[in-house]
Amino acid sequence: MSAPTASALQIVIVDDSPIRAAILEEGLREAGYTHVVRIEGTGNLLARISVIDPEVILIDLENPSRDVLEQMFQVSRVVKRPIAMFVDQSDSASIQASVDAGVSAYIVDGLKKERIKSILDLCISRFNAFSRLQTELEQAKNALEDRKVIDRAKGILMTRKNMSEAEAYDLLRRTAMNENKKIAEIAQSVITASEMFK
Amino acid sequence: MTSNGHRLRIGFIPLTDAMVPLVAADKGFTADEGLDVELVREVSWSNVRDKLNIGLFDAAHLIAPIAIASSLGLGHVKVPIVAPFGLGLNGNAITVSPGLYAAIAAAADGNITDPTVSGRALARVVANRKAHGEDPLTFGMTFPFSTHNYQLRFWMAAGGVDPDEDVRLVVLPPPYMVESLANRHVDGFCVGAPWNSIAVDLGIGFILHFVSEILERAAEKLLAVRASWAGENPDTLRRLVRAHRRAAAFVEDATNRDEVAAMLSAPNRVGVAPDVIRRELDGRMKVAPEGTVRVSDRYMMIGRNGAARPDPAQAAWLYAQMVRWGQAPLSADFLATAKAVFRPDLYDDAIEPEAANPSGEPTDGIGAFAGPAFDANDIVGHLSAWSIRR
Chain Y
244 MSAPTASALQ
254 IVIVDDSPIR
264 AAILEEGLRE
274 AGYTHVVRIE
284 GTGNLLARIS
294 VIDPEVILID
304 LENPSRDVLE
314 QMFQVSRVVK
324 RPIAMFVDQS
334 DSASIQASVD
344 AGVSAYIVDG
354 LKKERIKSIL
364 DLCISRFNAF
374 SRLQTELEQA
384 KNALEDRKVI
394 DRAKGILMTR
404 KNMSEAEAYD
414 LLRRTAMNEN
424 KKIAEIAQSV
434 ITASEMFK
Chain B
233 MTSNGHRLRI
243 GFIPLTDAMV
253 PLVAADKGFT
263 ADEGLDVELV
273 REVSWSNVRD
283 KLNIGLFDAA
293 HLIAPIAIAS
303 SLGLGHVKVP
313 IVAPFGLGLN
323 GNAITVSPGL
333 YAAIAAAADG
343 NITDPTVSGR
353 ALARVVANRK
363 AHGEDPLTFG
373 MTFPFSTHNY
383 QLRFWMAAGG
393 VDPDEDVRLV
403 VLPPPYMVES
413 LANRHVDGFC
423 VGAPWNSIAV
433 DLGIGFILHF
443 VSEILERAAE
453 KLLAVRASWA
463 GENPDTLRRL
473 VRAHRRAAAF
483 VEDATNRDEV
493 AAMLSAPNRV
503 GVAPDVIRRE
513 LDGRMKVAPE
523 GTVRVSDRYM
533 MIGRNGAARP
543 DPAQAAWLYA
553 QMVRWGQAPL
563 SADFLATAKA
573 VFRPDLYDDA
583 IEPEAANPSG
593 EPTDGIGAFA
603 GPAFDANDIV
613 GHLSAWSIRR
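Chains Y and B supply the protein sequences, listed in that same order.
Numbering of the first sequence is given in this note's numbering, commencing with residue 244 and proceeding in unit increments.
Numbering of the second sequence is given in this note's numbering, commencing with residue 233 and proceeding in unit increments.
Hints are computed from structural coordinates only; laboratory data are not their basis.
Some hints could be false.
No more than 30 Å apart at the CA atoms, straight line, and that leaves these computed lysine-lysine pairs for DSSO-like [claimed, not checked]: (1) B:Lys571 / Y:Lys360; (2) Y:Lys441 / Y:Lys424; (3) Y:Lys424 / Y:Lys404; (4) Y:Lys384 / Y:Lys424; (5) Y:Lys425 / Y:Lys441; (6) B:Lys259 / Y:Lys360.
In this text the structure is predicted, and so the values were computed from the model without any measurement.
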């Protein structure tokens, strides 16, 4: 087959996380790959992919449908051309990186590996960026939770010990420092103790 | 721990036949052998294969044909795999939609629990559909290199149905099988436990055959490790095999089965109701939505009748199916490589020797319902018995 130019490559993204799929798609578009199709759901995956007839399929490793794609390695009449996984024996670093990042790429036979390498690298970095984003989101959520716990503990101290808000916070902070714990942990103990004394 | 002292990571797919490594770790049998094991639940066979191949897993619960394909370099990267322990024989079943079940029953000239009868009936159903211009029937199986694929093909081809020409076979992840049957994307499937039982319980499928009715002895999952890893960690391997042997004996003891079923039902293990798992362990299977039960002491064999000791004849049979269906070339080297995946010597090295061929088992080690006895050294003879092949 004739090698398509980079921008003309048909790329399919199979990912159950719509946010991550969007992040991947955006990255690919910025890099000049404009023919990107996102596929959601599991029904008739093989048939839907064969209609698009992509050169590259990217799939999240947490997606059980990955096994469906393996059928395309077989000589099959459902998909017109047999395809091969991008990473071959000479490239175990790539497969390691793609497995570590949680993304795996499949390409149609005949496409130069070097040309696909940049797509895979891009996906790996986008996947990693997405998981960093998730971690940050998780941290932000935890910080919010912590603040609620601290506010409740302050309220308890203010009522029970007749303290000002600043004094209550200062007591929590000093106790945390002395016990080498986080303020939220001390605040939680205050709440627990207060529940027990009810 | 391996010789360099790190934690052993074992990958598995949530299926009932992952029970031996799960019980070995959760009952502390691996710890008793001084092993620190982490079980990692996976979502696809491709993931298990790749993570085993590149060393993210030390060992894995793996369908036997993938271990062979990996060692032969078929379909993917070539990484030699060895199996010192068999995680069970049989356990798969063929389930069909109520509509297809009724059609097969109507077309049958005998008892459809006989796979010869059901296969011929399927051929009539297929011919009838073709004559009426209807779409071909679609069957699900789990992976191109899978026992399910070969068992389904063996059964239908013996009845006169060409699995590539007359029907469509599609790969479906086991968790999607039931849904695909319910929404009519497939008319039937061959899959392992617990998915057949789940389809029956939901009233959307009939279990047509246990695989043990098609092949009396069919190697299913293996405890698979990289050949290089086995070479570097002989002591760890022996300990691992001993812990697995103990777990296999534990699950075969009927007095332990409620405990095993409860253990496997945990959401981070197999994650289905204990009574479903108990039925499978006992081979007392509900096969029809209205409650018909079929009992077989061969439905799934874990540690009994030599089930855990890898048998190279099983590897040869699976390789023969790869050749029959055009997945692998016929070559003496490939046959030898395939057989060398199953390593009874590694099993014997860890465990007291057992009788190689327990009484009451098929003499050819396979016991197929059709065709001549299987000779592991004569793949050509096996292939020439069949007119439907690639």
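Taken at face value, is the distance from the CA of Lys424 of chain Y to the CA of Lys384 of chain Y at most 30 Å? Cα-Cα ~20 Å, so holds.
Can the restraint linking Lys259 of chain B and Lys360 of chain Y be considered satisfied, given a maximum Cα separation of 30 Å? 45 Å, violated
Under the criterion that the straight-line Cα-Cα distance not exceed 30 Å, is the pair Lys571 of chain B, Lys360 of chain Y satisfied? This hinted pair is violated, its Cα atoms lying about 36 Å apart.
Given hint Lys404 of chain Y paired with Lys424 of chain Y - CA-CA distance at most 30 Å: 22 Å, holds
Check whether the Cα positions of Lys441 of chain Y and Lys424 of chain Y lie no farther apart than 30 Å. 25 Å, holds
Between Lys425 of chain Y and Lys441 of chain Y, does the CA-CA distance stay at or below 30 Å? Distance of about 25 Å is within 30 Å: holds.
Hints 1, 6 from the earlier list are contradicted by this structure; the remaining hints agree with it.
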